[in-house]
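Participant: When you get a sec, could you build the whole thing from the sequences and use the hints?
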Amino acid sequence: MVDKPDKSESKETAALSEDILDQIRANRKLESGSSRRVSLLIYSRDGVQVVQLSEGQSLVVGRSPPADVTIRDSSLSRQHASIEIKDGEVFVEDLQSTNGTRINGEKIDSGKAEAGSEIVFGAVTASVHMMKPKEVRQLGLESHDRFLSELEAEINRAGAFKRSLALLMLRAAQYKQSHVSRWFPDIRKRLRHFDRLGLYSPDTVEILLPETSGQEAEELAAAVAGGAESLLCGIAVYPADAKAGEELLEVARTSLQHASTENPVVRAAPPRRKSEEETGPVVRSSAMQKVFSTLSRLSFSAIPVLIIGETGTGKEVVARAIHDGGKRKDSPMIAVNCGGIPSQLVESTLFGHEKGAFTGATAQAKGVFESADGGTVLLDEVGELPASAQAALLRVLEEKKFSRVGSQKEIEVDVRVLAATHRDLEDMAKSGDFREDLFYRLNAMTLHIPPLRERLEDVEPLIKHFTEQANKINECSVWGIDEDAMQLLVGYSWPGNVRELRNAIERAVVIAQGDRISVEDLPERVRETEPTTQVTQVDTEPAREGEINLKAEMQRHEADLILKALRQSDWDRKKAAALLGLPVRTLAHKMQSHGIRKTSYEKSD
Numbered sequence: 001m002v003d004k005p006d007k008s009e010s011k012e013t014a015a016l017s018e019d020i021l022d023q024i025r026a027n028r029k030l031e032s033g034s035s036r037r038v039s040l041l042i043y044s045r046d047g048v049q050v051v052q053l054s055e056g057q058s059l060v061v062g063r064s065p066p067a068d069v070t071i072r073d074s075s076l077s078r079q080h081a082s083i084e085i086k087d088g089e090v091f092v093e094d095l096q097s098t099n100g101t102r103i104n105g106e107k108i109d110s111g112k113a114e115a116g117s118e119i120v121f122g123a124v125t126a127s128v129h130m131m132k133p134k135e136v137r138q139l140g141l142e143s144h145d146r147f148l149s150e151l152e153a154e155i156n157r158a159g160a161f162k163r164s165l166a167l168l169m170l171r172a173a174q175y176k177q178s179h180v181s182r183w184f185p186d187i188r189k190r191l192r193h194f195d196r197l198g199l200y201s202p203d204t205v206e207i208l209l210p211e212t213s214g215q216e217a218e219e220l221a222a223a224v225a226g227g228a229e230s231l232l233c234g235i236a237v238y239p240a241d242a243k244a245g246e247e248l249l250e251v252a253r254t255s256l257q258h259a260s261t262e263n264p265v266v267r268a269a270p271p272r273r274k275s276e277e278e279t280g281p282v283v284r285s286s287a288m289q290k291v292f293s294t295l296s297r298l299s300f301s302a303i304p305v306l307i308i309g310e311t312g313t314g315k316e317v318v319a320r321a322i323h324d325g326g327k328r329k330d331s332p333m334i335a336v337n338c339g340g341i342p343s344q345l346v347e348s349t350l351f352g353h354e355k356g357a358f359t360g361a362t363a364q365a366k367g368v369f370e371s372a373d374g375g376t377v378l379l380d381e382v383g384e385l386p387a388s389a390q391a392a393l394l395r396v397l398e399e400k401k402f403s404r405v406g407s408q409k410e411i412e413v414d415v416r417v418l419a420a421t422h423r424d425l426e427d428m429a430k431s432g433d434f435r436e437d438l439f440y441r442l443n444a445m446t447l448h449i450p451p452l453r454e455r456l457e458d459v460e461p462l463i464k465h466f467t468e469q470a471n472k473i474n475e476c477s478v479w480g481i482d483e484d485a486m487q488l489l490v491g492y493s494w495p496g497n498v499r500e501l502r503n504a505i506e507r508a509v510v511i512a513q514g515d516r517i518s519v520e521d522l523p524e525r526v527r528e529t530e531p532t533t534q535v536t537q538v539d540t541e542p543a544r545e546g547e548i549n550l551k552a553e554m555q556r557h558e559a560d561l562i563l564k565a566l567r568q569s570d571w572d573r574k575k576a577a578a579l580l581g582l583p584v585r586t587l588a589h590k591m592q593s594h595g596i597r598k599t600s601y602e603k604s605d
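Using this note's numbering, you'd call the opening residue of the sequence shown number 1 and step up by one each time.
Calculated from the structure, these hints are not laboratory results. All of these numbers come straight from a predicted model, not from anything done at the bench. One or more of the hints may lead you astray.
To be verified - Below are the DSSO-like pairs computed for lysine-lysine, each with C-alpha atoms no more than 27 angstroms apart in a straight line:
| hint | residue 1 | residue 2 |
| --- | --- | --- |
| 1 | K329 | K366 |
| 2 | K590 | K290 |
| 3 | K590 | K564 |
Facilitator: Below, the structure written as structure tokens:
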């Protein structure tokens, strides 16, 4: 039996004050809306920071404590602005910050933000969203450095299991006026829970798609670009387009630069090139001067050249200089990545095929060698060629003849062959993984390209060169670099070589807040080279009893002198370099090689 409400209770409820009734209504409103919460999405160099806001809560956003929400960005004041929720509405108040606060582009002292509003603190953008807890967890937009680490880890996994992956870079067609906060949440809904996303710049998102083929990546990109927001997309696929993280990033970024509203999705576009007069190779160090001195003598000959160097050292730049400096410069130079071609298509790619030669061969097609007749072919990562293609290549080198796949007809060709690799072909030949006769044929002349860490004199001119290129491509106006940032760049070991430096400068130009690159604009792995006081042991062979290891003793003595100069100058590297009679960049390199570091280093006045 259900009890009837007591009349006296109804009268008592009716007598409740209006304030209490308002509170009851507010509580019911919160309870009914508990499945969706007001969230502030803050987009910074460190990715997306999600701040959940509660009724009656007031939070201060700033650069450092005592702010409740801290964001490492110099455009923010220590306590920049406060945000408060009242009756489910978002109110923002600027706390007399240096660079101001804006809501939807309008500068405010205080104001109200609706769901979807864009709030800008200094140069940091945030957006207001009504989101379910699950949607908050699925955002996953990480910093560029974290994203790049995950990309490299996924490449290792894909290589071990012979799988593919895709890297997408997305931005709005009118990217100068469209922050990612306006369109990123809609993109996330189209992705799988294990796909990874990074914030490349305020207007560009990078997406890692594991277990994804080139065709699948293009289909997803076409669907995304055809959405409500007009987006452009650049695609790079492992292993077809590139095999390393920095290289995939470069391919995807270059493809994005080629995209347009007429052609919004571009995969593996060729790099943009200027004439040699505009961008001749940067050669400052004695090591590279020696390489180019030899190169100038090779340009007018016809012998094959084997270019050896670590990934990212600029082997294709050297090959291009050989071609452009010789009599073949008016004929085509075609570069092909041997490691990016499926094994069953290598011979067809190099030598062409006849109609019906295999499934999918619907028409006759020329190969790389036929297309480059009279010019130059660069076989990048030549160590990846399968055995059958090695035999066919040897025949071209010896007889200057080949046959298309599916044909017995011989075709004569006049092509100069340049080969490049980061692998030890001589060891591969000895172990039977590479034809010994082909190795000796390619190895008529060998050029060793030193890694960037062995030619640090090239770093500064390369930075200037890449800054100029990035300014022009991205329509930016960054014309300088802070001294502290330059010292870090010169002191970094650059395991990814010139390619890694180019990628770092390109992104620094895009995210720089003024007309100079600062330390904050550099990758985290570069910023972590900040010196500390610890001196590590020098890696040398121990001397036998009674003997003196001259190299080890000299290195220890050099380290002691550097440490003494740094302490004497209160760890001011410019003053220490003057005491030692060294350029600052040379001192930075020697500190790096000796492991000389100082914790909590701050530049002195």
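Participant: Hint by hint, work out which the structure violates, then give me just those numbers in ascending order.
Facilitator: none
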